[in-house]
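**Student:** Spelled out from the first residue to the last, the chains are:
Protein chains: 2
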Amino acid sequence: MSLLVVGTIAFDSVETPYDRRDVTLGGSATHFAHAAAHFGPVRLVGIVGEDFPDEHLAGFRKRNIDCAGVEVSKGKTFAWGGRYEADWNTRHTLFTDLNVLERFEPKIPDAHRDTEYVFLANGTPSVQLQALSQMTAPKLVVADTMNLWIDIARGDLFEVLRRVDGIVLNDEEARMLTDERNLIRAARKTLELGPKFVILKKGEHGAFLVGQGVHFGLPAYPVDDVVDPTGAGDSFAGGFMGYLASVNNTQPHTLRRAMLYGTVTASFCVEGFSIESLAARTRSDIETRYNELASICTL
Amino acid sequence: MSLLVVGTIAFDSVETPYDRRDVTLGGSATHFAHAAAHFGPVRLVGIVGEDFPDEHLAGFRKRNIDCAGVEVSKGKTFAWGGRYEADWNTRHTLFTDLNVLERFEPKIPDAHRDTEYVFLANGTPSVQLQALSQMTAPKLVVADTMNLWIDIARGDLFEVLRRVDGIVLNDEEARMLTDERNLIRAARKTLELGPKFVILKKGEHGAFLVGQGVHFGLPAYPVDDVVDPTGAGDSFAGGFMGYLASVNNTQPHTLRRAMLYGTVTASFCVEGFSIESLAARTRSDIETRYNELASICTL
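Protein chains in written order, with my numbering: chain A, 1 to 299; chain B, 1 to 299.
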């Protein structure tokens, strides 16, 4: 198996109703890679500035995350700041400093171009396409996106949708993309745009998978204490793709199990700031929670 | 098996973003009974005014709903009016005319006092207690409630909670009752108040069952076109209790199946105004949708 992610590596500054962290390790690819690395090696493609500490890269490598595709560029690392309200669902972006991300042109290392499982984390659709065009033998490509690209880069995003196997959306994005309030209809309309399956994330309300020959829904894992929801969606995708890559199978019953693994890695993610909780867990912790979640879901 | 419901029978006037119905058959016990009657006979206890058409009562009886416990009282039937916003989650109560409901003192017919499965639909907790005190051999008692009683009749409601086996709450009620935002913790706190299990309804986001030795969660059935959500919670309870009574078993695996049946009857309820869609379905329709939902939930 081989798994590659293209996305952001960032410095996050997060305020919650209970606590805060400044300039902590974040970014879509960071969260994805730390979730997926529990299942096997991950190839990371992204860009950081000269201010990005070597110890972070060493930390990635220690966790089986290959950083050959991480470009260190002149300038500062992408930085994001956000604040959550007490309901956890309302998030205010306080700042977005693109910095080196502004000139990010993903270069997939030659040795990584034959990767079979590819995740295009949230980013400019044109950058996602640029990365995808360098892959020589993708077996399963899944992309994430956000409302901004649905709004300002719809043409490129539609091209992404035509070229990927799966797309990950939250409820708001699905409605915005399809102009359809009902989520199931929104998912079906999304399928008409190209992908074989759609994953609909509903945060604390769980997730849905709708695709050719598969329709699966499950609740979120009941987390007692949410610390920081940042990265939950990327950690979901990491657990989902990491599991699929590890078993090298994309049959409906495997996709269902992958949804549970994604739910589990997302639940670990929200129990800490940055990658703190996710990185502190073992594969055995994941299996324990998987079994617990399976028992909650099972008839 | 025997199943009894105490609750309201009403004239509902409902406005949705797409349509409206004036003075249509409604009420918590009405919806519950029509959902539960798909599984076996139901004993209905409630009050109506002299204006309540005989054909409605005949309709109940035709559907295996015993109306011996329905009191016809001088005055007008309880009437409720509400309007839904386009998100379906925001409901404005336009009017509540208690009418005969104001002097409702439930009298359980002698022949019905030995009923084994009892549902205390939403109503004044003192009325729920009055009904419950007349039951001689209840095997499973489940109650519903609402924010109003949590607010103004907390003492009586706590007495209800001490005396029932199960309580049905929506997320807002659970939070209000326990002063706890996290729904799982709210459910656990509710268990400390007496009941053996709590059903947490989250509308379009599904439902949870948390109790001694059981924790189960499932998504809502993906309804394509919602017509009117009024009565969804009571129809859920009707399918849940109707199934339990029909198999006369309250083991955890039966409770899990009952959650699916409740989800199915609720989904039929919201596909029409009043009891239109629910009453038009057959047990076979219910089984078909049950299997579909089971396949969506099953790993």
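These are calculated hints, taken from the structure and not from any lab test.
Fair warning: there could be bad hints in the mix.
Since the list can't tell identical chains apart, any single copy or any two copies may satisfy a pair.
Stated by the list, open to error - Each computed DMTMM-like pair below joins lysine to aspartate or glutamate, with the alpha-carbon atoms no more than 25 Å apart:
no.	residue 1	residue 2
1	Lys62	Asp87
2	Lys74	Asp22
3	Lys76	Glu102
4	Lys189	Asp151
5	Lys76	Glu105
**Student:** Compare the structure with each hint and give your call.
**Tutor:** Status of the hints after comparison with the structure:
1. Lys62 / Asp87: Neither. Shortest intra-copy (35 Å) and inter-copy (47 Å) distances fail the 25 Å Cα cut-off.
2. Lys74 / Asp22: Within one copy only: 22 Å inside, 69 Å across.
3. Lys76 / Glu102: Answer is within; shortest intra-copy Cα gap is 11 Å, inter-copy 69 Å.
4. Lys189 / Asp151: Answer is within; shortest intra-copy Cα gap is 17 Å, inter-copy 44 Å.
5. Lys76 / Glu105: within (16 Å within a copy, 73 Å between copies)
The structure shown violates just one earlier hint, number 1.
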